[in-house]
Amino acid sequence: MNNFRNKYRNRYYQANFTPFGTIQLHQRNPHIVALWSVAFPGFGHFLIHKFITGFALFFWEFYINQVTHLNTAMMYSFNGDIAKAKEILDERYIYLYIPVYLFAIWDSYRTAVDENMIHLLAKRENAKFTTFSINPFGMNFISKKKPLVAFAWSLAFPSLGQMYIHRIIGALLLLIMTIVVILNSDLVEGIHYCMLGDFGRAREVVDEQWSLYFPSIYFYGIYDAYSNTVELGKLFSWEQADFLKRHHQPQNFVLHKGEKI
Amino acid sequence: MGLQIFSTFQHSHYLELAISELKEYKIEDIYAVPLDNRKLDSKMFDTMHAMDGTSLVDTALILAMMCGTVGVARGFVLDWGPVFWGLIGSASGFAAGFAFDVIKTAIKRKKIKTGKTRLGEIIIIVQCKNEQAELVEQTLWRNMALGVAVTSMQSLERNQAVLADKN
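Protein sequence lines, in the order shown, are assigned to chains A and B.
To convert, take the position in the first sequence, counting from 1, and add 8; that gives our numbering.
To convert, take the position in the second sequence, counting from 1, and add 20; that gives our numbering.
Do not rely on the hints blindly, as some may be mistaken.
[What the hints assert, rightly or not] Okay, the calculated beta carbon distance ranges per label pair:
| hint | chain 1 | residue 1 | chain 2 | residue 2 | range |
| --- | --- | --- | --- | --- | --- |
| 1 | A | R118 | B | I123 | 23 to 33 Å |
| 2 | B | L183 | A | S151 | 47 to 57 Å |
| 3 | B | A119 | A | F165 | 36 to 46 Å |
| 4 | B | K43 | A | R19 | 29 to 39 Å |
[Unchecked claim] Which chain B residues face chain A? A few, computed with CB under 7 Å, are given here:
| hint | residue |
| --- | --- |
| 5 | M21 |
| 6 | Y34 |
| 7 | L76 |
| 8 | I82 |
| 9 | F104 |
| 10 | W161 |
| 11 | Q174 |
| 12 | L176 |
| 13 | Q180 |
| 14 | A181 |
| 15 | L183 |
| 16 | A184 |
| 17 | D185 |
[What the hints assert, rightly or not] In silico DSS-like links for lysine-lysine, alpha-carbon gap of 27 Å or less:
| hint | chain 1 | residue 1 | chain 2 | residue 2 |
| --- | --- | --- | --- | --- |
| 18 | B | K124 | A | K253 |
| 19 | A | K265 | B | K124 |
| 20 | B | K128 | A | K265 |
| 21 | B | K43 | A | K265 |
| 22 | B | K124 | A | K268 |
| 23 | B | K46 | A | K242 |
| 24 | A | K268 | B | K128 |
| 25 | B | K46 | A | K154 |
| 26 | A | K268 | B | K46 |
| 27 | A | K265 | A | K253 |
| 28 | A | K242 | B | K124 |
| 29 | A | K152 | B | K43 |
| 30 | B | K128 | A | K253 |
| 31 | B | K186 | A | K253 |
| 32 | A | K154 | B | K128 |
| 33 | B | K43 | A | K253 |
| 34 | A | K154 | A | K268 |
| 35 | A | K136 | B | K43 |
Think of the hints as simulated: they come from the structure by calculation, not from any bench.
Quick reminder that beta carbons are idealized off the backbone N, C-alpha and C, glycines included.
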């Protein structure tokens, strides 16, 4: 059930609120989107709401990375141990990595530029959009959220910030990924030994292949939650102002001068 | 004789609650004026009620991610291990990016001198009878109005007096 039925279909809409998530077009810096694709193919696409492309690229990168031991090779390279890096990389798969990786960067950049234009057109067209929806799977409605709260929850655990602003699909992926990466990398155990001051033991238990996934996932979660909360706030104000202009500016209202009581 | 009650609000669900509540009391003469936002706010950090689109964490998080990854990798060789070096890398990357954005924004803001933080985002004018004034005022205050002013409609009285004279 939607609270809005469109008599004449509009060409572009600024946003949509459904129980499965909030989708909103807004201006983005395409360079930042491309850089998130550099961090992890798929993240750039999640930022611009191309979830299916994002999923495909994400799982592809994940798979290739695992079979070629790319993270481990990165670890050796950053430590200057080039011989070991060469040894561990699987030459059967590594060439497959390059074209898709570059495609992810290029495609997310290009789509971000396109979406910026579409957003401008949608804003100028000023079409009304669904701001409240309810169905057997749940409900969702437009409301203002605090960016710093989203930031803090994402800091505590990736995906919580996305849940706060109802970006369900992104939240689900981040939640699963975080759990899989944390469990496989034994990061929690490593932190435990670091707290105890046993750094040698920590280095032994933490898995280098898996733990290198963590920084990109963690910081992507914060960035995505924070930036989308800011944009949601702007959308809320804009939509409410538009509603007031449409419904609460009667022609017969006359302003009268008088003393303040 | 009636009154006109002016009030300012920020964008929130309270505003719509106030309007719908007044309508339940059969007070229908409501006029809303949403104000345009100032393009550049002097506040550095985004809050729930003031967001200017200037983000200070874009570069910071990218750098945190990059330095964190390198830090974790270096940690496998260095003394403190991957967890602490990852954290150190992330923190220093974030700090560097944040400092970069703060300086960049500060320079940008210096060019456009702005005043204090934004307060009212919407002006709501309610016209009601004298005896309803208290009810309307309380409703507005309860729903987070930033400021409320009750004014008498003296210009209307004068106009009516002039009309009566003519007749």
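For this structure, which hints from the list above don't hold up?
3, 5, 6, 7, 10, 13, 14, 15, 16, 17, 18, 19, 20, 22, 23, 24, 25, 30, 31, 34
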